[in-house]
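S.K.: The chain contents come next:
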Amino acid sequence: MTYKGYEMVIGLETHVELKTDTKIFCSCPTAFGAEPNTHVCPVCMGYPGTLPVLNGKVVEYAVKAGLATNCTIARYSKEDRKNYFYPDLPKAYQISQYDLPLCEHGYLDIESEEGAKRIGITRIHIEEDAGKLVHDDSGTLIDCNRCGVPLIEIVSEPDMRSGEEAVAYLRKLRAIILYTGVSDCKMQEGSLRCDVNLSVRKVGEKEFGTRTEMKNLNSFQFILKAIDYEFHRQVDAIERGETIVQETRRFDSVTGKTSAMRSKEDANDYRYFPDPDLPPIIMSEERLRELQSAIPTLPDKRKRDYVERYGLSAYNGELLTSQIETADYFEAAAAKTKHPKLLGNLIISEVFRLLPPEGGDIPIPPESMAKIADMTGDGVINSGTAKKLVGMLWKEDADPVKLVEEQGLGQINDRAALAEVVAAVIAANPKSVADFKKGKLQAAKALIGQAMAKTSGRGNPNIIQELIDAELAEK
Amino acid sequence: MSDITAMTLGELRRALDAGELSSAEITESYLAAIEKNDEKVGGYITVSAEKARAAAKRADALRAEGKAGPLTGIPAAIKDNICTKGLRTTCASKMLGNFVPPYDAHVMEGLNAQAVPVLGKVNMDEFAMGSSTENSAFMTTHNPRSLDRVPGGSSGGSAAVVAAGEAPFALGSDTGGSIRQPAAFCGVVGMKPTYGRVSRYGLVAFASSLDQIGPLTKTVADNALALNSIAGYDRRDATSVDRETPDFTAEIGKGVKGMKIALLKESFAKGVSGEVKSAVMNAAKVYEGLGAEITELSMPSLEYALAAYYVISSAEASSNLARFDGVRYGYRSENYSDITELYLNSRSEGFGAEVKRRIMLGTFALSSGYYDAYYKKALQVRTLVMNDYRSVFDRCDLILAPVAPTVAYKIGEKTSDPLEMYMGDVCTVPVNIGGVPALSMSCGESSEGLPIGMQLIGPAFSETTIYRAGAAFEAAEGAYALERGAF
Numbered sequence: 001m002t003y004k005g006y007e008m009v010i011g012l013e014t015h016v017e018l019k020t021d022t023k024i025f026c027s028c029p030t031a032f033g034a035e036p037n038t039h040v041c042p043v044c045m046g047y048p049g050t051l052p053v054l055n056g057k058v059v060e061y062a063v064k065a066g067l068a069t070n071c072t073i074a075r076y077s078k079e080d081r082k083n084y085f086y087p088d089l090p091k092a093y094q095i096s097q098y099d100l101p102l103c104e105h106g107y108l109d110i111e112s113e114e115g116a117k118r119i120g121i122t123r124i125h126i127e128e129d130a131g132k133l134v135h136d137d138s139g140t141l142i143d144c145n146r147c148g149v150p151l152i153e154i155v156s157e158p159d160m161r162s163g164e165e166a167v168a169y170l171r172k173l174r175a176i177i178l179y180t181g182v183s184d185c186k187m188q189e190g191s192l193r194c195d196v197n198l199s200v201r202k203v204g205e206k207e208f209g210t211r212t213e214m215k216n217l218n219s220f221q222f223i224l225k226a227i228d229y230e231f232h233r234q235v236d237a238i239e240r241g242e243t244i245v246q247e248t249r250r251f252d253s254v255t256g257k258t259s260a261m262r263s264k265e266d267a268n269d270y271r272y273f274p275d276p277d278l279p280p281i282i283m284s285e286e287r288l289r290e291l292q293s294a295i296p297t298l299p300d301k302r303k304r305d306y307v308e309r310y311g312l313s314a315y316n317g318e319l320l321t322s323q324i325e326t327a328d329y330f331e332a333a334a335a336k337t338k339h340p341k342l343l344g345n346l347i348i349s350e351v352f353r354l355l356p357p358e359g360g361d362i363p364i365p366p367e368s369m370a371k372i373a374d375m376t377g378d379g380v381i382n383s384g385t386a387k388k389l390v391g392m393l394w395k396e397d398a399d400p401v402k403l404v405e406e407q408g409l410g411q412i413n414d415r416a417a418l419a420e421v422v423a424a425v426i427a428a429n430p431k432s433v434a435d436f437k438k439g440k441l442q443a444a445k446a447l448i449g450q451a452m453a454k455t456s457g458r459g460n461p462n463i464i465q466e467l468i469d470a471e472l473a474e475k
Numbered sequence: 001m002s003d004i005t006a007m008t009l010g011e012l013r014r015a016l017d018a019g020e021l022s023s024a025e026i027t028e029s030y031l032a033a034i035e036k037n038d039e040k041v042g043g044y045i046t047v048s049a050e051k052a053r054a055a056a057k058r059a060d061a062l063r064a065e066g067k068a069g070p071l072t073g074i075p076a077a078i079k080d081n082i083c084t085k086g087l088r089t090t091c092a093s094k095m096l097g098n099f100v101p102p103y104d105a106h107v108m109e110g111l112n113a114q115a116v117p118v119l120g121k122v123n124m125d126e127f128a129m130g131s132s133t134e135n136s137a138f139m140t141t142h143n144p145r146s147l148d149r150v151p152g153g154s155s156g157g158s159a160a161v162v163a164a165g166e167a168p169f170a171l172g173s174d175t176g177g178s179i180r181q182p183a184a185f186c187g188v189v190g191m192k193p194t195y196g197r198v199s200r201y202g203l204v205a206f207a208s209s210l211d212q213i214g215p216l217t218k219t220v221a222d223n224a225l226a227l228n229s230i231a232g233y234d235r236r237d238a239t240s241v242d243r244e245t246p247d248f249t250a251e252i253g254k255g256v257k258g259m260k261i262a263l264l265k266e267s268f269a270k271g272v273s274g275e276v277k278s279a280v281m282n283a284a285k286v287y288e289g290l291g292a293e294i295t296e297l298s299m300p301s302l303e304y305a306l307a308a309y310y311v312i313s314s315a316e317a318s319s320n321l322a323r324f325d326g327v328r329y330g331y332r333s334e335n336y337s338d339i340t341e342l343y344l345n346s347r348s349e350g351f352g353a354e355v356k357r358r359i360m361l362g363t364f365a366l367s368s369g370y371y372d373a374y375y376k377k378a379l380q381v382r383t384l385v386m387n388d389y390r391s392v393f394d395r396c397d398l399i400l401a402p403v404a405p406t407v408a409y410k411i412g413e414k415t416s417d418p419l420e421m422y423m424g425d426v427c428t429v430p431v432n433i434g435g436v437p438a439l440s441m442s443c444g445e446s447s448e449g450l451p452i453g454m455q456l457i458g459p460a461f462s463e464t465t466i467y468r469a470g471a472a473f474e475a476a477e478g479a480y481a482l483e484r485g486a487f
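Protein sequences, first through last, are from chains A and B. Heads up: the first sequence is residues 1 to 475, going by our numbering. Heads up: the second sequence is residues 1 to 487, going by our numbering.
Hints listed in this document are in silico derivations from the structure and should not be mistaken for laboratory results. Wrong hints could be hidden among the right ones.
As the list claims (entries may be wrong) - The list that follows gives simulated cross-link-like pairs (lysine-lysine, DSBU-like), each with its CA atoms no further than 30 Å apart:
(1) A:132 with B:94
(2) A:301 with A:186
(3) B:414 with B:40
(4) B:260 with B:285
(5) B:265 with B:285
(6) A:78 with B:377
(7) B:410 with B:265
(8) B:94 with B:51
(9) B:265 with B:414
(10) A:225 with A:132
(11) B:260 with B:270
(12) A:4 with A:202
(13) A:132 with B:85
(14) B:377 with A:82
(15) B:376 with A:78
(16) A:82 with B:356
(17) A:341 with A:402
(18) A:202 with A:225
(19) A:454 with A:440
(20) A:215 with A:117
(21) A:117 with A:186
(22) A:132 with A:78
(23) A:82 with B:94
(24) B:410 with B:277
(25) A:78 with B:356
(26) B:277 with B:257
(27) B:376 with A:82
Unchecked claim - What the simulated footprint calls covered on chain A by chain B, stretch by stretch (three residues with Cβ under 8 Å from a Cβ of chain B suffice, anywhere in the stretch; the number is not a length):
(28) 44-54
(29) 79-88
(30) 91-98
We put the CB at the ideal spot given by N, CA and C, even for glycine.
Looking at chain A on its own, in the form it has when it is part of the complex (with noise of 0.2 Å):
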């Protein structure tokens, strides 16, 4: 995307909470939503004389994090200290990663407008997450439950030109992420939180230009929208003749707008330095080999198989797999029927639409799911009583086969039968068959839509057009 001869340069900051059952150095439960300052301990509260203790489990999640983006993984890592004073930090020091990242060097790959592109992943490091604010009339209380919850910062490089690559990118990561199973990536809980890096340059130059950074955008739609308002406002700006200034601005969702939180003048001098309560972390090549191991195939991979084995498209391919839940629900079920390319279209048009949005099981079995697709393949019903199936299932398991002959749901492929109720809706339709003649072609699908009621929907839809088409042709 340009604009007065502007690209822009986009490179994303990712934080994604790790769902371990406790914190990243101390044994408090990570669980959400708790009551404020009930879920910490001597330690996350950083209380004299407490010390931080490695959870294993953070180290597994951040590398497997790592292999699924195809990072390179540190043998020997350390974790540092990033020191400054906010009242949300209670040790005034976070402990992270500086120079020895767990992860490097990897990538993952989007569809973008001029097709399939890599976007590098420069690293993902382990960090501890800070408390929150909240600001009332009494003044500003801390709620250091989230003090400690284990953190992993994906930094990318500055890869993607337009606000759809940035939202590409974050939706596979998101899929990666949840099919390896680390974070439920829930971005309005904050479970997965995303800082925007942006700077313009005139198209066809190298140099990069000064970026800003945006912090606190918390849906895809927000960040569409900052990265469309920052990249007017700089690309004006600078056609005004200003300079852009390195600094954090916040993104309004109110206005849509950007503005200046704080400049790099403004900015803390970290300090970083090793943690001296900390080992360094080790990987051994049998620990990374049993985390490899663990990785479920992911959904690049999936969607090939989708598209080679079973004709799907590349965009249902795509759909199916964008949950690993749904990917593995369509491949169980895809096992059972002789019609995968139906299944997965039942599964987009109608599971999806059951589903709420934030996923959840299918409570039809995939072999009732697969029987569906069959029955509809093999013409034993049609495809509107197969979302009648679906949904009847969904409420109630029942084997759908047995569903069609008790409730008599099979459908009608007698032509004979299927002529006389096409005769008697014509008969009944003089103004219908009167539209079709002067031009109406709409006037035949309503036409359709009575043979249909009549046969209770049973009726073979593609018979009943054919005698409709035949009918008002011969009329």
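Based on these hints, arrange chain B on the given structure of chain A.
M.R.: Relative to chain A, chain B alone:
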């Protein structure tokens, strides 16, 4: 029955086991000694008489049930930077003047499990920064051997109360000599164990990579006995070492025949007084007489250890002490109108001058643009010192060295020149930089009748050998604290 407060841990234990004494009696004797003498010594910031009495009662009950451990019923004094649940832990700082920890340090759990009565919390340099205990925000501690002199520091309270017969043993902490130097100044025995030997959980951190808790006692055997009860792996301290803890008393009495003891050329460099030098040289002769082989070796990196120490310890302290911000606990200024002022005023009013000096020094050393020249360089020196120790210990079993360049000096004598005070740590800091263990004990007396200390330094995890050599010296020359007695 001899004076209870003059007895060693071993004697108290035997008397308790024999039913000649109860923990209640012992505890009362010590509380009485505190009552009588601490006004002059000024060792205790907090005396916890009631808690001590309750623990003594529990100890006597445990003993009656046959469940007594080695230290059950024998009271202790605890340096005030070691967290004690429900008992004020101040670090001798206004900043933590009102701080009552809701948890015990690991070492306290070990002592409490044996029902060790805690007599109270003892004075120190604020946040363990200092070498004379003159940096306490609360009080001056006097050296019981000569009341107008400093007890050394930072564990000056721990050393003074043991020397004064106000506690049979005490716990201190040693970051750059803070156990060994006051032990030398007060004529008691102090051990800085191998880094990782004793859990730091609950020790208010000064310099995390150097801090280590250790015991101060009247005799070497007592010291080994006390270390037995506080050493060992603790999963809450990632720097504590997961290896079996030996019985530190095991080799006491085996003598030093055939042991190779080295004198380092650099240990006797500038600043070490003639009296100290000759007392240590004399100790070498004693060892030679006991059958040890004395060799002279060199360790060139020692020269840089002091500078590296002040960079590393101050850098870590600047970060460790940042949490004292007046927000959640500790001192908060009454004078602030926003968060920045709350930070500034709480820290300006809550910390003393020496602590602020170290925070500034450390902040500077870690600052962007200076990190490589100071902190990184200091870490390189540290690697050098560690390697040098390894190669020295390839050629000897132990190093014999002075503890401090001089004997205890007068209160107020060195407070005007911090750098001169820092120079006093030149003999002790290399041990912390190297992470190795060292014992401090008396090896003589100055012309003014003040104790002179020597250090026995060994390779990592060689405490048992060190105690063996220390005990051999003590058997030949007598235990200073027992011979000189208390008040």
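S.K.: Straight-line Cα separation of residue 376 (chain B) and residue 82 (chain A) no greater than 30 Å?
M.R.: Within the cut-off at roughly 16 Å; holds.
S.K.: Are the Cα atoms of residue 260 (chain B) and residue 270 (chain B) separated by 30 Å or less?
M.R.: holds, 26 Å
S.K.: Starting from residue 301 (chain A), check that the Cα of residue 186 (chain A) is at most 30 Å away, please.
M.R.: Cα-Cα ~24 Å, so holds.
S.K.: Decide if the proposed pair is consistent with the structure: residue 132 (chain A) and residue 94 (chain B), CA atoms, cutoff 30 Å inclusive.
M.R.: holds, 29 Å
S.K.: With a Cβ-Cβ cutoff of 8 Å, does the segment 79-88 of chain A contain at least three residues near chain B?
M.R.: holds (count 4)
S.K.: Is the hinted pair residue 82 (chain A) and residue 356 (chain B) satisfied, with a Cα-Cα distance of at most 30 Å?
M.R.: holds, 20 Å
S.K.: Residue 82 (chain A) and residue 94 (chain B) were given as a pair; does the straight-line alpha-carbon distance stay at or below 30 Å?
M.R.: holds, 27 Å
S.K.: Between residue 265 (chain B) and residue 285 (chain B), does the CA-CA distance stay at or below 30 Å?
M.R.: Holds, because 16 Å separates the two Cα atoms, which is no more than 30 Å.
S.K.: Hey, residue 225 (chain A) versus residue 132 (chain A), does the alpha-carbon distance stay inside 30 Å?
M.R.: Satisfied, since the Cα-Cα distance of roughly 26 Å is no more than 30 Å.
S.K.: Taking only the CA atoms, is the gap from residue 132 (chain A) to residue 85 (chain B) under or equal to 30 Å?
M.R.: Satisfied, since the Cα-Cα distance of roughly 28 Å is no more than 30 Å.
S.K.: Residue 277 (chain B) and residue 257 (chain B): Cα distance at most 30 Å?
M.R.: Given pair residue 277 (chain B), residue 257 (chain B) holds - Cα atoms ~24 Å apart, limit 30 Å.
S.K.: Measure nothing beyond the straight line between the CA atoms of residue 132 (chain A) and residue 78 (chain A); if it is 30 Å or shorter, mark the hint as holding.
M.R.: Distance of about 26 Å is within 30 Å: holds.
Going down the numbered hints, you'll see the structure goes against none, and every one checks out.
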